[in-house]
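Asks: All chains should be built: construct the whole structure from the sequences, respecting the hints.
Protein chains: 2
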Amino acid sequence: MKKAIDFKIEKKLEGYLGRAGILKTSHGEILTPSFVVVGTKGTVKSLTPEQLKDLGTPVVLANTYHLYLQPGDELVRDAGGLHKFMNWDGPMMTDSGGFQVFSLGVAYGKELSKVVSVTDPSLLIPERSTVEDGVPRLATIGNDGVSFRSHIDGSLHYITPEKSIEIQHNLGADIIFAFDECTSPTENDRYQEEALSRTHAWAKRSLIKHKELEENKTEFPQALFGIVQGGRKEELRRKSAQVIGAMDFDGFGIGGSFAKEDMSSAVKWVNEELPEGKPRHLLGIGEPEDLFSGVENGVDLFDCVGPTRIARNGTLFTKSGKINILNAKFVNDFNNIEKDCGCYTCKNYTKAYLSHLFRAKEMLGATLSSIHNVYFITELVKKMRQAIIDGTFEEYKKEFFHEYKK
Amino acid sequence: MKKAIDFKIEKKLEGYLGRAGILKTSHGEILTPSFVVVGTKGTVKSLTPEQLKDLGTPVVLANTYHLYLQPGDELVRDAGGLHKFMNWDGPMMTDSGGFQVFSLGVAYGKELSKVVSVTDPSLLIPERSTVEDGVPRLATIGNDGVSFRSHIDGSLHYITPEKSIEIQHNLGADIIFAFDECTSPTENDRYQEEALSRTHAWAKRSLIKHKELEENKTEFPQALFGIVQGGRKEELRRKSAQVIGAMDFDGFGIGGSFAKEDMSSAVKWVNEELPEGKPRHLLGIGEPEDLFSGVENGVDLFDCVGPTRIARNGTLFTKSGKINILNAKFVNDFNNIEKDCGCYTCKNYTKAYLSHLFRAKEMLGATLSSIHNVYFITELVKKMRQAIIDGTFEEYKKEFFHEYKK
Chain L
1 MKKAIDFKIE KKLEGYLGRA GILKTSHGEI LTPSFVVVGT KGTVKSLTPE QLKDLGTPVV
61 LANTYHLYLQ PGDELVRDAG GLHKFMNWDG PMMTDSGGFQ VFSLGVAYGK ELSKVVSVTD
121 PSLLIPERST VEDGVPRLAT IGNDGVSFRS HIDGSLHYIT PEKSIEIQHN LGADIIFAFD
181 ECTSPTENDR YQEEALSRTH AWAKRSLIKH KELEENKTEF PQALFGIVQG GRKEELRRKS
241 AQVIGAMDFD GFGIGGSFAK EDMSSAVKWV NEELPEGKPR HLLGIGEPED LFSGVENGVD
301 LFDCVGPTRI ARNGTLFTKS GKINILNAKF VNDFNNIEKD CGCYTCKNYT KAYLSHLFRA
361 KEMLGATLSS IHNVYFITEL VKKMRQAIID GTFEEYKKEF FHEYKK
Chain V
407 MKKAIDFKIE KKLEGYLGRA GILKTSHGEI LTPSFVVVGT KGTVKSLTPE QLKDLGTPVV
467 LANTYHLYLQ PGDELVRDAG GLHKFMNWDG PMMTDSGGFQ VFSLGVAYGK ELSKVVSVTD
527 PSLLIPERST VEDGVPRLAT IGNDGVSFRS HIDGSLHYIT PEKSIEIQHN LGADIIFAFD
587 ECTSPTENDR YQEEALSRTH AWAKRSLIKH KELEENKTEF PQALFGIVQG GRKEELRRKS
647 AQVIGAMDFD GFGIGGSFAK EDMSSAVKWV NEELPEGKPR HLLGIGEPED LFSGVENGVD
707 LFDCVGPTRI ARNGTLFTKS GKINILNAKF VNDFNNIEKD CGCYTCKNYT KAYLSHLFRA
767 KEMLGATLSS IHNVYFITEL VKKMRQAIID GTFEEYKKEF FHEYKK
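Read top to bottom, the protein sequences are chains L and V.
According to the numbering used here, the first sequence is numbered sequentially starting from 1.
According to the numbering used here, the second sequence is numbered sequentially starting from 407.
Derived from the structure by calculation, the hints contain no laboratory data.
Treat each hint with caution, since some may be false.
[Unchecked claim] Taking lysine to any residue pairs in the SDA-like style, the calculated list, with each CA pair at most 20 Å apart, reads:
#, chain 1, residue 1, chain 2, residue 2
1, L, K45, V, E456
2, L, K361, V, G478
3, L, K278, L, L17
4, V, K753, L, E50
5, L, K361, V, P455
6, V, K735, L, E50
7, L, K347, V, E456
8, V, K735, L, G72
9, L, K45, V, K417
10, L, K329, V, D484
11, V, K417, V, K753
12, V, K418, V, K788
13, V, K490, L, E50
Replies: Listed below in structure tokens is the structure:
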């Protein structure tokens with residue numbers, strides 16, 4: 001069995017858990033920490049793979065749940081795997097589908113992202129039931145797996161850890177994830193413990209299935225990352241990191257729908273327990289403040305739909321904070337988004353042109369904005385990496401937040 | 407006054423009016439005959455200028471009417487002109503707004519393209535009135551100009567030939583058009599004659615205004631093309647070509663909303679009258695059969711929204727005719743659209759992937775389809791040019807239609 005990935009720590013961040021490393025996959029290497037761009041349905045919305053490479057994207061993550069339903073993982077396998085299907089020959093990841101099951105289940109109908117604020121009551125999920133406000137959930141969780149209805153055609157599906165791994169082998173990404181249960185930070189202790197036992201049992205089953213499928217592979221071996229869960233409680237987070245960390249995974253994901261206030265401490269607890277020599281991926285996180293705190297606390301990889309999703313609504317990252325290009329003041333602003341930004345959009349277009357594209361509902365607006373935002377976040381994490389290597393991380397962070405306002 | 411364009415005929419098509427030429431503008435040269443891609447609002451929908459260059463697009467046409475309303479021609483002027491605003495440094499054209507006035511006026515509420523079939527009664531415009539089925543037209547035509555309401559916010563506007571030229575000078579394209587009245591092929595003779603007198607008077611006024619604005623220009627001179635109208639009647643078409651052809655234009659547009667059956671004869675009549683040494687542009691035409699007939703009958707330039715518009719609905723050109731990628735049989739078709747097509751899409755993606763993108767409503771579907779269709783039509787006209795030079799035009803046409811079915 002060929003080794004799927006190779007991870008080497010190049011430099012540690014003194015006084016913290018952070019580190020700069022190199023993660024080698026059979027489709028190229030990723031310098032960590034690194035931001036992973038999300039291409040949910042086998043395409044990063046509005047961008048070609050060449051545009052992604054041109055802006056410096058090292059790795060793309062696609063969603064197992066979405067591709068399983070449409071166009072189907074077997075079709076992707078028959079097409080020669082997801083790399084070939086979507087024309088991305090660089091490193092690639094797929095998630096396990098656990099988060100989607102969460103958002104179709106207990107979180108169904110809530111406007112939930114990976115980070116929720118527990119001070120906003122509308123986002124709380126106070127109790128579990130199979131019906132929310134008269135709307136039946138689309139997913140129910142059992143100890144063996146999860147049954148859910150397709151959000152596309154209502155058809156019934158059943159996913160077990162073994163099934164999730166099979167799907168991810170059909171898709172063929174370089175790094176795949178164990179099937180887990182993502183819980184809300186507001187679930188009670190008893191439920192968190194129950195869910196965590198399931199996640200641990202599913203991790204083991206995922207690993208067994210993965211090894212079985214991996215055994216006879218001759219090319220493009222896949223790496224499996226286990227996922228640490230445990231909600232807001234230190235005890236559960238540390239326990240989960242110990243249990244998952246002791247299993248023979250190639251790396252680890254840190255999962256959960258986080259309360260903003262808890263995230264950095266949860267990440268720190270987990271990374272204090274996980275084996276140091278393996279890569280760690282914080283799932284679904286991409287705001288600048290969370291990226292700095294994640295890197296500081298020992299995270300190597302981050303993925304998030306945020307930068308591309310907000311771009312499609314005209315929201316753009318700048319060094320002083322986010323702006324929305326639909327704001328009237330940009331109509332005749334002939335400067336680019338950021339004076340010294342090196343992205344294709346800033347090198348060639350003005351805010352006035354972007355404003356025109358969004359007002360005229362032209363698709364190029366989404367493309368140009370996505371290029372800028374992905375470049376901004378990708379560069380931000382690259383600069384954190386360089387700062388770790390140069391021993392200037394704290395200065396860089398201070399300098400960044402001196403200007404950047406949330 | 408610097409010369410705006412230079413046109414040289416390289417080779418004539420024996421026994422026909424057709425010719426291969428070179429048209430030089432201050433933003434580069436166009437080998438004619440050539441297909442002109444339409445970027446209505448200052449962007450070719452879903453494509454970057456680099457993608458257009460990569461597929462071999464020589465020249466882009468934007469719509470004066472749309473840009474006048476949004477973002478406004480003065481804003482574009484203040485941005486440094488349309489080339490800079492939209493990041494297109496190659497040859498560029500703008501139309502005069504005449505066709506849009508037609509579609510907001512007498513044709514308002516009709517699903518009209520530049521080519522109508524007079525055998526389809528639903529597309530006929532049997533009589534003129536200011537109200538169609540209870541819906542007031544958005545435009546009314548007077549001898550001095552046209553008043554119309556914006557389709558965006560209902561605001562009232564008045565365009566004269568002088569105003570159209572001013573707008574087009576603010577936009578700054580290399581080739582611009584005189585303001586004209588586009589009539590329906592089904593209008594009666596009296597109306598056609600009236601409209602034609604207006605078009606001729608407006609042509610003269612456009613030319614005067616253009617020369618006045620051009621006089622003191624030091625860089626990027628603009629060329630003005632006069633537009634020939636005249637509906638279906640040979641007498642009017644020839645007369646219009648003589649009148650417009652005698653004026654000091656740099657080239658000519660052939661306008662009108664054509665009945666499919668009439669187009670090739672109308673084009674022939676016109677080009678038999680127009681001065682041979684100046685370029686001719688057939689406005690708004692882009693179907694393969696019309697391109698062959700246009701080239702044969704002496705047309706040098708064609709523009710059309712067709713290839714990109716149908717692409718966004720998943721309709722793709724192939725050598726055997728059009729296909730729609732949403733057809734069930736393409737779901738697991740792992741071939742590219744055309745076996746030996748040299749476009750980016752065919753070199754990198756399968757029909758199964760395109761089918762997935764359209765079913766999943768992913769924006770990349772429009773981009774990849776537009777690239778293929780624009781490449782197909784651009785190459786088709788380039789091959790016609792080569793066939794004229796090689797003396798194999800008739801064989802090429804025969805060969806093409808042996809396989810291609812409308």
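Asks: Evaluate each hint against the coordinates.
Replies: Hint by hint, here is what the structure shows:
1. L:K45 <-> V:E456: holds (19 Å)
2. L:K361 <-> V:G478: Answer holds: K361 of chain L to G478 of chain V is near 16 Å, not above 20 Å.
3. L:K278 <-> L:L17: holds (13 Å)
4. V:K753 <-> L:E50: Holds, at about 13 Å.
5. L:K361 <-> V:P455: holds (18 Å)
6. V:K735 <-> L:E50: Given that 20 Å is the threshold and the Cα spacing comes to 29 Å, the pair is violated.
7. L:K347 <-> V:E456: holds (13 Å)
8. V:K735 <-> L:G72: holds (16 Å)
9. L:K45 <-> V:K417: violated (46 Å)
10. L:K329 <-> V:D484: holds (15 Å)
11. V:K417 <-> V:K753: This hinted pair is violated, its Cα atoms lying about 33 Å apart.
12. V:K418 <-> V:K788: holds (15 Å)
13. V:K490 <-> L:E50: violated (24 Å)
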